[in-house]
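Novice: Residue numbers (this note's numbering), protein chains in the order written: chain A, 1 to 282; chain B, 1 to 286.
Because the hints were derived from the structure by calculation, they are not lab data. Using N, Cα and C, we set each Cβ at its ideal position, and we do this for glycine too. One or more of the hints may lead you astray.
[To be verified] Far from chain B, some chain A residues (derived; all Cβ distances over 12 angstroms):
no. : residue
1   : 10
2   : 16
3   : 21
4   : 51
5   : 128
6   : 236
7   : 265
[What the hints assert, rightly or not] Within a straight-line C-alpha distance of at most 20 angstroms, the following computed SDA-like cross-link-like pairs (lysine to any residue) qualify:
no. : chain 1 : residue 1 : chain 2 : residue 2
8   : B       : 41        : A       : 11
9   : B       : 270       : A       : 250
10  : A       : 184       : B       : 255
11  : B       : 267       : A       : 222
12  : B       : 16        : A       : 7
13  : B       : 270       : A       : 36
14  : A       : 184       : B       : 259
15  : B       : 270       : A       : 115
16  : B       : 41        : A       : 10
17  : B       : 270       : A       : 211
18  : A       : 273       : B       : 141
19  : B       : 63        : A       : 189
20  : B       : 194       : A       : 181
21  : B       : 16        : A       : 36
22  : B       : 41        : A       : 41
23  : A       : 23        : B       : 34
24  : B       : 194       : A       : 250
25  : B       : 63        : A       : 184
26  : B       : 270       : A       : 11
27  : B       : 41        : A       : 13
28  : B       : 16        : A       : 28
29  : A       : 23        : B       : 194
30  : B       : 16        : A       : 33
31  : B       : 41        : A       : 43
32  : B       : 194       : A       : 64
33  : A       : 23        : B       : 267
34  : B       : 194       : A       : 191
35  : A       : 184       : B       : 249
36  : A       : 184       : B       : 240
Residues per chain, in single letters:
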Amino acid sequence: LTSFIMDKISCSLALMRRLPPNKIEQSLSGLLNLLPEETDELLQRVDQPLEEAQDPDSGRAYLLCDYNRDGDSYRSPWTNKYFPPLEDGFLPSEKLRAMEIEANELFDSYRELYFEGGTSSVYLWDLPNGFAGCFLIKKSVQNNRFVNSGCWDSIHVVEVVNTSPNSASYKLTTTVMLSMSVAKEQVGNTNMSGSLTRQVESTCTLDNADNTHLANIGRLIEEQESDMRSNMNELYILKTREVVNSIRTNSDGPIQSASHVATLNAAVSGHGKSRKVDSEGI
Amino acid sequence: MSDEENEVEEITDEEKLQIAQHFLLSSPPGQFQEILSDVRKLLPDGLLGEPLAAGIARAYNTKTNKVVSAPSGNKVVLASAGEIDPTHYVDSKTGAPFAVDHLSLTTLEDSSPSNQDSSREGERAALQSALDDYVASRFVTETAAAGVFCRDGNIIAVVSGERPNLRNFWSGKWTSSWNITFSPGQATISGDIKVHAHYFEDGNVQLQTTKQAPSTSFTYSSEGEFASQIVSHINASEGDLQGGLEDMYANMNDETFRAMRRIMPVKRTKMEWNVNSVRMNRQVRK
Chain A
1 LTSFIMDKIS CSLALMRRLP PNKIEQSLSG LLNLLPEETD ELLQRVDQPL
51 EEAQDPDSGR AYLLCDYNRD GDSYRSPWTN KYFPPLEDGF LPSEKLRAME
101 IEANELFDSY RELYFEGGTS SVYLWDLPNG FAGCFLIKKS VQNNRFVNSG
151 CWDSIHVVEV VNTSPNSASY KLTTTVMLSM SVAKEQVGNT NMSGSLTRQV
201 ESTCTLDNAD NTHLANIGRL IEEQESDMRS NMNELYILKT REVVNSIRTN
251 SDGPIQSASH VATLNAAVSG HGKSRKVDSE GI
Chain B
1 MSDEENEVEE ITDEEKLQIA QHFLLSSPPG QFQEILSDVR KLLPDGLLGE
51 PLAAGIARAY NTKTNKVVSA PSGNKVVLAS AGEIDPTHYV DSKTGAPFAV
101 DHLSLTTLED SSPSNQDSSR EGERAALQSA LDDYVASRFV TETAAAGVFC
151 RDGNIIAVVS GERPNLRNFW SGKWTSSWNI TFSPGQATIS GDIKVHAHYF
201 EDGNVQLQTT KQAPSTSFTY SSEGEFASQI VSHINASEGD LQGGLEDMYA
251 NMNDETFRAM RRIMPVKRTK MEWNVNSVRM NRQVRK
């Protein structure tokens with residue numbers, strides 16, 4: 001890619017960092033309309049909330065992404081069939097499909113443990129020296145006691161390279177997208193939304209017992225996703241609280257005259273001028 | 001996409017500008033220039049020129065009650081109620097009009113005739129002074145101001161504060177707008193409050209709040225009483241919202257966020273990534 005095009009891609013990514021994270025699809029759609037020739041690049045680099053479809057054969061929901069798509073049809077992880085049906089849609093090898101079935105079973109259980117609802121899907125594909133997979137979760141909430149409407153999307157993409165007969169290296173990239181409309185009359189119409197992407201690389205022992213590929217991948221995903229959930233609250237959401245409180249103080253104190261406050265402020269900043277400050281941060 | 005791989009459908013320039021405008025009007029606090037700079041790189045050269053950009057900036061500034069420094073040195077609010085024309089506003093603290101460049105936010109002295117209604121000047125001035133005290137006491141950031149205007153017999157009060165700290169990847173805005181109408185013997189106040197906070201160090205998280213404050217009517221026997229009742233109502237409304245937000249944050253981990261994803265599974269142990277284990281657990285659960 002030329003530097004001219006890279007510049008446009010960086011601008012697009014920078015914009016996605018500023019635009020409201022509860023409007024990712026709309027923002028991405030706008031970018032695709034401005035840069036139609038960079039459609040593939042943008043879709044590859046910008047994650048958006050997952051779409052869901054129903055597998056009519058199994059009656060189960062499954063998630064849609066580029067990795068289970070062929071033309072306009074999507075392959076269900078439950079039945080390995082494409083919907084709408086395709087004559088000869090791309091299918092994983094028998095060996096890979098066996099692993100994929102197990103992966104979906106495990107991930108479905110993980111999803112139930114942490115999300116108590118929602119939909120999960122896993123799709124695997126071969127790589128020259130290993131394989132790759134995407135592990136997806138979508139959880140929508142409506143009319144919950146604390147959340148009027150909300151959505152959590154996890155997109156985990158892992159690349160596995162066999163480094164030796166008993167070890168493998170795993171590179172996991174995780175994007176979490178969250179949007180919550182808070183159910184609390186006192187805060188009116190409040191939306192808290194966010195998007196984080198993290199990456200981790202790990203080399204693990206590989207065996208047929210506790211350290212199978214799926215066990216190794218599963219543990220990496222569980223750890224990274226839990227970390228990100230934790231960071232989302234502790235670092236990010238709580239930071240917005242600090243930001244609000246750096247603008248207005250909810251004190252019960254009396255409202256003093258502006259000139260009095262100005263005198264106080266002058267005294268404080270005069271004192272402050274002789275102190276060393278680390279940064280502008282709060 | 002594969003069907004149209006070789007056809008790149010282009011939208012019209014007009015449609016591109018609509019997209020650009022939409023992005024600009026969604027700017028988080030203090031980041032309009034950054035978004036403008038990036039958006040221009042995605043548009044044909046020169047399509048979003050200065051005059052167009054200034055027009056969008058004006059819409060953004062009045063929508064977000066932008067705080068600027070007037071030629072008098074006062075911090076003032078760029079509010080629709082104080083607009084004489086797209087590039088001229090009234091400094092409601094001195095009554096003097098000023099010119100503004102919506103992109104650079106610089107202001108210049110001006111002598112345009114003010115379009116403010118002076119029929120309620122007594123109440124308006126008293127409220128301006130009382131709200132100046134309110135802003136000085138409650139707003140911790142220096143970039144804060146109150147603007148009180150009178151148009152068509154109604155008083156419009158705007159309170160606004162912002163704190164951009166882009167170097168540390170955050171910015172925020174708190175603003176409220178109040179409409180005060182008069183009828184024989186009483187005044188009625190209604191309004192709304194908007195809060196926007198953005199943190200974007202290696203991520204993008206935003207709080208966006210809009211709340212309609214309850215409407216209330218009251219009687220008064222002096223301009224001072226008029227002003228203090230309004231300030232009291234604004235203080236109570238804004239305080240109530242901020243208190244609600246504090247509660248929300250305090251319970252975020254265990255309530256709101258937990259509805260989306262638990263911190264730990266119910267049994268408080270991590271998952272066993274073993275198919276036999278999973279099947280056994282499923283049997284037990286049945």
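Novice: Evaluate each hint against the coordinates.
Specialist: Results for each hint:
| no. | hint | in the structure |
| --- | --- | --- |
| 1 | 10 | violated, 9 angstroms |
| 2 | 16 | violated, 7 angstroms |
| 3 | 21 | violated, 5 angstroms |
| 4 | 51 | holds, 15 angstroms |
| 5 | 128 | holds, 24 angstroms |
| 6 | 236 | violated, 4 angstroms |
| 7 | 265 | violated, 8 angstroms |
| 8 | B:41 to A:11 | holds, 7 angstroms |
| 9 | B:270 to A:250 | violated, 40 angstroms |
| 10 | A:184 to B:255 | holds, 11 angstroms |
| 11 | B:267 to A:222 | holds, 15 angstroms |
| 12 | B:16 to A:7 | holds, 18 angstroms |
| 13 | B:270 to A:36 | violated, 44 angstroms |
| 14 | A:184 to B:259 | holds, 14 angstroms |
| 15 | B:270 to A:115 | holds, 13 angstroms |
| 16 | B:41 to A:10 | holds, 10 angstroms |
| 17 | B:270 to A:211 | holds, 16 angstroms |
| 18 | A:273 to B:141 | holds, 18 angstroms |
| 19 | B:63 to A:189 | holds, 18 angstroms |
| 20 | B:194 to A:181 | holds, 15 angstroms |
| 21 | B:16 to A:36 | holds, 12 angstroms |
| 22 | B:41 to A:41 | holds, 17 angstroms |
| 23 | A:23 to B:34 | holds, 19 angstroms |
| 24 | B:194 to A:250 | holds, 15 angstroms |
| 25 | B:63 to A:184 | violated, 25 angstroms |
| 26 | B:270 to A:11 | violated, 40 angstroms |
| 27 | B:41 to A:13 | holds, 12 angstroms |
| 28 | B:16 to A:28 | holds, 14 angstroms |
| 29 | A:23 to B:194 | holds, 18 angstroms |
| 30 | B:16 to A:33 | holds, 8 angstroms |
| 31 | B:41 to A:43 | holds, 19 angstroms |
| 32 | B:194 to A:64 | violated, 36 angstroms |
| 33 | A:23 to B:267 | violated, 35 angstroms |
| 34 | B:194 to A:191 | holds, 12 angstroms |
| 35 | A:184 to B:249 | holds, 12 angstroms |
| 36 | A:184 to B:240 | holds, 12 angstroms |
Hint violations for this structure: numbers 1, 2, 3, 6, 7, 9, 13, 25, 26, 32 and 33, all remaining hints satisfied.
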